[in-house]
Every structure is written in structure tokens, then in C-alpha cells.
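**Q** Taken in order, these protein sequences are the chains called A and B.
To get my numbering, take the position in the first sequence, counting from 1, and add 270.
To get my numbering, take the position in the second sequence, counting from 1, and add 372.
Just so you know, these hints were derived from the structure itself, not from any lab.
Here the structure is a predicted model, which is why all the values come from computation and not from measurement.
Certain hints may be false.
What the hints assert, rightly or not - In the DSS-like style, the derived pairs of lysine-lysine whose C-alpha atoms are separated by at most 30 Å in a straight line are:
1) Lys607/B x Lys308/A
2) Lys308/A x Lys404/B
3) Lys756/B x Lys607/B
4) Lys404/B x Lys607/B
5) Lys756/B x Lys404/B
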Amino acid sequence: MSPSTTDTPRNLLRAIFTDLHFWIPLTVLLGGLVLLDKLR
Amino acid sequence: MLATRLRSLQALGIFCGFAAGAWLGGAEAPIKLVNPDISPITVSLIMVFGVFLARWSVPALIRGTSHVHSDVSQAPHLIVWAVLAGCMWAVANTLTIYAIRNVGLSIAFPLWNTNSLLGIFWGFLLFNELHYAGWKRWLGVLGGAACMFSGAALLAIASANQAAPGKAAGGILAALGAGILWGTMYIPYRKAYLTGMNPLSFITFFTVGELATMTVLAIAYRGATPLWHELIGAKSVMFWLMLGGFVWVLGDLFQQYATKYVGISRGIPLSNTNQLWGLLWGIFVFHELRGGSHTIYVQVAGGSLLMALGALSIALSSATAREHSSWQDAADREGNRYGIEHEYVRAGMEGRAYGAASTRRTTLDWLLILVTTVMFAILAFIAKLPHMDIVLRWAAALTVAMLALLATCGIALWRTTRFR
Chain A
271 MSPSTTDTPR NLLRAIFTDL HFWIPLTVLL GGLVLLDKLR
Chain B
373 MLATRLRSLQ ALGIFCGFAA GAWLGGAEAP IKLVNPDISP ITVSLIMVFG VFLARWSVPA
433 LIRGTSHVHS DVSQAPHLIV WAVLAGCMWA VANTLTIYAI RNVGLSIAFP LWNTNSLLGI
493 FWGFLLFNEL HYAGWKRWLG VLGGAACMFS GAALLAIASA NQAAPGKAAG GILAALGAGI
553 LWGTMYIPYR KAYLTGMNPL SFITFFTVGE LATMTVLAIA YRGATPLWHE LIGAKSVMFW
613 LMLGGFVWVL GDLFQQYATK YVGISRGIPL SNTNQLWGLL WGIFVFHELR GGSHTIYVQV
673 AGGSLLMALG ALSIALSSAT AREHSSWQDA ADREGNRYGI EHEYVRAGME GRAYGAASTR
733 RTTLDWLLIL VTTVMFAILA FIAKLPHMDI VLRWAAALTV AMLALLATCG IALWRTTRFR
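Taking the hints into account, I'd like the entire structure generated from these sequences.
**A** Here's what the structure looks like:
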């Protein structure tokens with residue numbers, strides 16, 4: 271996780287998408303949506 | 373940070389965790405008043421309307437919304453994190469309604485409260501929580517969480533007769549799914565507060581994710597026209613559901629401050645005392661365990677005692693100065709990654725002012741408060757109290773206790789941090 275500047279929207283998005291912390295909740299969210307779809 | 377300041381912030385965070393438990397537990401009560409014929413998706417959507425109104429009007433009332441702009445200019449990436457957390461909340465909340473319907477509040481609560489174990493894991497792994505904490509504090513937090521989990525399991529066994537035949541598996545899966553979603557949702561929370569964002573700013577973006585997700589889910593699952601008809605048909609119970617959402621927001625606000633000042637490894641287990649409050653509502657107001665055997669009551673008493681002891685153990689295991697310095701390392705890492713000013717991050721962690729952001733309320737703030745008040749007044753006017761055997765005397769007593777916690781914790785937050 272190297273430091274990065276986020277002075278432009280592109281750099282900001284790059285910092286987010288290369289952050290492992292972002293992908294953990296996103297994966298769990300997708301799993302939750304699948305479960306909800308099975309239960310309804 | 374001065375040792376005295378650290379101690380007062382830790383005590384404040386722990387107090388917020390207990391207040392969160394009371395309000396999050398109380399939020400489930402209005403759902404019990406609603407006719408089970410209404411689809412869980414529609415129930416969740418109406419609750420989210422209440423949440424949306426509360427999430428905009430409560431911050432407007434407390435500090436005004438001007439500070440949101442200054443927070444976002446410092447840490448714009450947190451908009452993405454807040455929206456993501458809001459999406460997770462909406463899916464988890466819908467799952468809890470399936471869980472309550474299929475296995476009852478008494479079983480569903482302990483299952484989704486396993487989120488505290490997940491919270492401790494994420495806090496340790498990603499945010500340096502419990503690093504250099506010493507074995508006594510590790511024992512206090514892990515032992516306390518295990519104690520709470522055992523208590524929760526005992527309560528679940530005691531009330532196992534609540535499960536609807538043939539629906540137990542789906543209900544249990546829904547409750548566990550909600551626990552995983554909520555346990556992981558604290559990753560965005562912690563990221564926001566480590567980098568100095570005010571909880572009141574975070575929730576305004578959080579709610580956009582919530583409302584958008586619920587609207588898309590409701591339209592996709594129910595269809596626009598049937599959904600509309602169902603909403604119109606549910607107008608007499610809309611007040612209760614939106615009230616549930618509003619009460620939940622107040623609990624969540626305390627939970628956010630707890631997360632900010634004591635971290636997720638302690639904040640989540642403490643706010644999970646909501647199960648005790650849910651149990652109080654269930655037993656005294658809704659007669660959930662009426663006619664139960666002596667064994668059931670012993671199990672309930674034992675489970676409640678275990679949960680209370682677990683919460684006490686965690687409350688007594690606040691972070692040391694050394695552990696707090698490792699939180700600061702995690703905060704510096706976030707600040708470097710997202711290019712946030714060092715002083716902004718520090719000020720946020722210490723609950724003090726940064727810059728000269730206005731806290732005066734604007735016309736927009738007063739408009740938000742007025743619209744919310746009028747909407748709730750109209751819905752209350754058309755609401756009907758369902759024909760259920762509820763004990764209003766106990767409902768009033770529990771409401772007074774919750775309001776007392778709201779007032780005392782609110783005053784403590786104001787005096788210590790000015791709601792920062």
C-alpha cells in the first residue's frame with residue numbers, strides 16, 4: 271500500500287480500487303445480494 | 373494525545389456503545405407491530421425511508437449540515453466508502469426481516485450479533501486494533517465477546533420455540549448473512565473515522581447507498597406497480613416502520629461514535645447489548661416467552677447475565693496509550709494513501725476542531741427538520757395501533773429508559789467533543 275496523491279478523480283479512484291480494504295466489503299455485499307435472491 | 377484526553381475519549385466511546393445497544397434494540401420493536409402479510413422487501417424499503425429522513429434531519433438539528441462540505445473537501449474518497457457501507461446495511465436489514473419472520477426475534481438477534489466476532493477480526497487485521505494491548509486486554513475483549521456469544525446462544529436455545537415450521541434454515545441463513553454483512557460494514561466505518569471524518573458527515577452519504585439499494589431491490593423484486601399498491605396499502609403501518617428506522621438511526625449514531633473512539637473490536641460488542649434490550653421488549657411488551665417453563669426462564673436469565681458480564685469485560689478493556697499509538701499508525705497509513713492532511717486526521721482522532729467550519733444552522737437545515745417533523749406527524753395521524761396483546765406500561769418504561777440514555781450520552785458527547 272504505497273502512498274499516492276489523490277488530487278484528481280482518476281488518482282482518487284485508483285487509490286480506492288487498489289485498496290484491498292475496498293474489495294472485502296464489496297465481495298461480502300455481492301454475497302449478501304445472492305443470498306437475498308435465494309431467500310425471496 | 374494527552375493521557376487524560378485519551379481516557380475521557382475511551383470512556384465516552386464505551387458509554388456510546390451502551391447507548392447504541394439500547395436504541396438499536398428498541399428499533400426492532402415497531403417491526404413487531406406490522407402485519408406479516410407485507411413483503412419483507414417493502415417493510416425494509418419503508419424503514420429505509422424513515423432512516424433517510426432521520427439521517428438528514430438529525431445531523432441538521434445537532435450541528436447543521438455545513439460541516440459536511442468541509443469534511444468532504446478534506447476526504448472526498450470517503451463518499452465511496454460511505455455509499456458502499458449504506459448498500460451493505462440495506463441488504464443486511466432486509467435479511468434481518470426474513471430472519472425475524474422465519475425464526476423470531478429471539479433467535480435472529482444472537483445469530484446476527486456474531487458480527488462482533490467478525491468486527492474484532494477485521495479491527496485486528498486491518499486497523500491495528502488490540503496491537504500491543506497486553507494479554508489482560510486481549511482476554512477482556514476476546515473473553516467478553518465469547519461470553520456474549522455464549523449468552524446469545526443460550527437465549528436462542530431458550531426461545532427456539534419461536535421458529536416457524538419449515539422455515540428455520542432460511543431464517544438462520546438470513547440472520548447469519550446479516551451478521552457477516554454488518555460485521556464487514558464496519559471496515560468502511562473504521563476507515564472513515566481513522567481519517568478524521570465526523571460521523572454526522574459519514575451518515576449523510578451512507579444513506580444515499582441505503583436508499584438507492586433498497587429502491588432498486590424493491591422495484592426489481594416486487595415490480596414498480598405492485599410495489600406502489602403495497603406501499604399505499606401499508607399506509608396505516610408506515611409510521612411504525614419509519615419510526616423503527618428513525619430509532620435505529622439514533623442507535624447507529626451512538627454506534628458510530630463508539631466505533632470512532634474505541635474502535636470496532638470494542639464498539640461492536642458493546643452495541644450488541646441491543647439483544648438484551650430486544651429481549652426486554654420481547655418479554656415485557658410482546659409476551660414472547662409467555663407460558664414458558666422454569667428451564668426457559670433460567671436459560672434466559674443465564675444468557676442475559678453472560679451477555680452483561682461480557683459487555684462489562686469489554687468495557688473494562690479500553691485501549692492503552694501504546695495500543696492507541698498503533699491506531700495512529702493505521703491512521704497515518706490511510707492519510708498517506710488518500711492524501712489527507714495530517715492535522716485533519718489527528719484532530720479527528722482527538723475529537724477536536726479542525727479549521728473554521730461553520731456550525732450555524734442554515735435555512736436548508738431548518739427545512740430538513742420541518743419536512744421530517746411534518747411527515748412523521750401526518751403518518752402518526754393516519755397510523756393504527758394493531759390489535760396485539762402489548763403492555764403499554766412496559767413500553768412506556770423502556771422508552772423513558774432509552775430517552776434517559778439519549779440525553780445523558782448526548783450531553784457527554786457535546787461536552788467532550790461537540791459531536792465531532
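**Q** Hint by hint, say whether it matches the structure.
**A** Cross-check of the supplied hints:
1. Lys607/B x Lys308/A: Given pair Lys607/B, Lys308/A holds - Cα atoms ~28 Å apart, limit 30 Å.
2. Lys308/A x Lys404/B: With a Cα-Cα distance of about 24 Å, the restraint between Lys308/A and Lys404/B holds, given a limit of 30 Å.
3. Lys756/B x Lys607/B: This hinted pair holds, its Cα atoms lying about 9 Å apart.
4. Lys404/B x Lys607/B: Within the cut-off at roughly 16 Å; holds.
5. Lys756/B x Lys404/B: OK: Lys756/B and Lys404/B at ~14 Å, within 30 Å.
Of the numbered hints listed earlier, not one is contradicted by the structure.
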